[in-house]
Amino acid sequence: MNAEYDVGDALPDETVDSLPAGTNVLVTGPAMVGKREVAFRLLAAGHEDADGVLCVTTRSSGASLLDEFERYVPELDRDRVAIIDCSGSDSRQTLERIATERVSSPADLTGISIGTAKLLQRFDGKQIDGVRHGLVSVSTLLQYLDRSTVFKFLHIYTSRIEDTDGIGVFTLDSAAHDDQTVNTITSEFDCVVDLREAEAGREARIRGLPGASRSWRAFD
Amino acid sequence: VARKSALESEKSADELDDSEAYAELPDRVERAGAAVDDGLGDMSSDAEFVGAVREIDEGAEE
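Protein sequence lines correspond, in order, to chains A and B.
When you line the first sequence up against the numbering used here, it's residues 1 to 220, in that order.
When you line the second sequence up against the numbering used here, it's residues 1 to 62, in that order.
What the hints contain is simulated information worked out from the structure, not anything from laboratory work.
There may be inaccurate statements among the hints.
Said to hold, decoys possible - Derived CB-CB ranges, DEER-like:
#, chain 1, residue 1, chain 2, residue 2, range
1, B, Gly59, A, Asp179, 23 to 29 Å
2, A, Arg217, B, Ala47, 41 to 47 Å
3, B, Ser45, A, Glu199, 19 to 25 Å
4, A, Gly88, B, Ser45, 48 to 54 Å
5, A, Arg59, B, Ser44, 30 to 36 Å
6, B, Glu48, A, Tyr144, 35 to 41 Å
7, A, Ala218, B, Glu48, 42 to 48 Å
8, B, Asp37, A, Ala176, 27 to 33 Å
9, B, Gly59, A, Arg71, 37 to 43 Å
10, B, Ser44, A, Pro30, 35 to 41 Å
11, A, Tyr144, B, Ser45, 39 to 45 Å
12, B, Ala47, A, Gln180, 31 to 37 Å
13, B, Asp27, A, Asp146, 18 to 24 Å
14, B, Asp37, A, Lys118, 22 to 28 Å
Backbone N, C-alpha and C fix where the C-beta goes; we use that ideal spot for every residue, glycine too.
Bound conformation, chain A alone (with noise of 0.2 Å):
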């Protein structure tokens, strides 16, 4: 099992290089501002490591994901990557040699979680040992499902990736919802990730790392 996970340059704070297992980090930060761009930063850090990546798609298709995907990760190993597939997209689609869960619905929480069991099992047969699990996105569930429903299935999925050792990446578009339910969701998770449009370019912060700087700072 992973003690630490590298993320490289993936957070806007050059001190933090990795992140203890058992972590939850959730991106968040209105929409067209790169959320899942530093969420895919954050999975692919540690694909030249052996980590595994497992992810959540709740409205893009697997496909899509995966493209998005190979965009952070020169040489893909498709064997460490799998992927659950929430979207409704074609069922008939599959994808070359990437281990896919199809679940009708984001609503369906149950499919989710059995997806994530079967890909966590398949990951064990292969003897990777550290897994990052992804989801995007919150905001998509929270769009199907009430604030409670929400907050309930994230506590337990994270305790899950907490539980078994791995890092839990996720996303909101805060600007989608009220602020109580940003600040519900946002409370479960271990760590934040910030992200703003401010005059002179994009702009991030981290809450919730020990050492990391908590203030606004550009990040490309």
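Following the hints, complete the assembly by docking chain B onto the known chain A.
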């Protein structure tokens, strides 16, 4: 890793001091998380993990 430390807001300290709702939020969230934990029991296996989520799913459908 401290989850509570993620509860920082963009609001100023004065604004936060004046906000009862914000002041109560950590406790409320902690209680909500604890309530979920109480209902979970041991979640050390995949089956227990799936079972815990299934309970939430069924609760959401009711």
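Checked hints:
1. B:Gly59 to A:Asp179: 23 to 29 Å: Given a distance of about 25 Å, which is inside 23 to 29 Å, the answer is holds.
2. A:Arg217 to B:Ala47: 41 to 47 Å: Hint holds: Cβ distance 44 Å, inside 41 to 47 Å.
3. B:Ser45 to A:Glu199: 19 to 25 Å: 51 Å, violated
4. A:Gly88 to B:Ser45: 48 to 54 Å: 30 Å, violated
5. A:Arg59 to B:Ser44: 30 to 36 Å: Holds: the Cβ-Cβ distance is about 32 Å, inside 30 to 36 Å.
6. B:Glu48 to A:Tyr144: 35 to 41 Å: Distance hint for Glu48 of chain B, Tyr144 of chain A is violated at roughly 25 Å.
7. A:Ala218 to B:Glu48: 42 to 48 Å: 45 Å, holds
8. B:Asp37 to A:Ala176: 27 to 33 Å: Roughly 28 Å apart at Cβ, these two residues keep to the hinted range, so it holds.
9. B:Gly59 to A:Arg71: 37 to 43 Å: Given a distance of about 39 Å, which is inside 37 to 43 Å, the answer is holds.
10. B:Ser44 to A:Pro30: 35 to 41 Å: 39 Å, holds
11. A:Tyr144 to B:Ser45: 39 to 45 Å: 27 Å, violated
12. B:Ala47 to A:Gln180: 31 to 37 Å: With a Cβ separation near 34 Å, Ala47 of chain B and Gln180 of chain A satisfy 31 to 37 Å, so the hint holds.
13. B:Asp27 to A:Asp146: 18 to 24 Å: For Asp146 of chain A against Asp27 of chain B, whose Cβ atoms are near 21 Å apart, the range 18 to 24 Å holds.
14. B:Asp37 to A:Lys118: 22 to 28 Å: For Lys118 of chain A against Asp37 of chain B, whose Cβ atoms are near 25 Å apart, the range 22 to 28 Å holds.
Consistency with the previously given hints fails for numbers 3, 4, 6, 11, ordered from lowest to highest.
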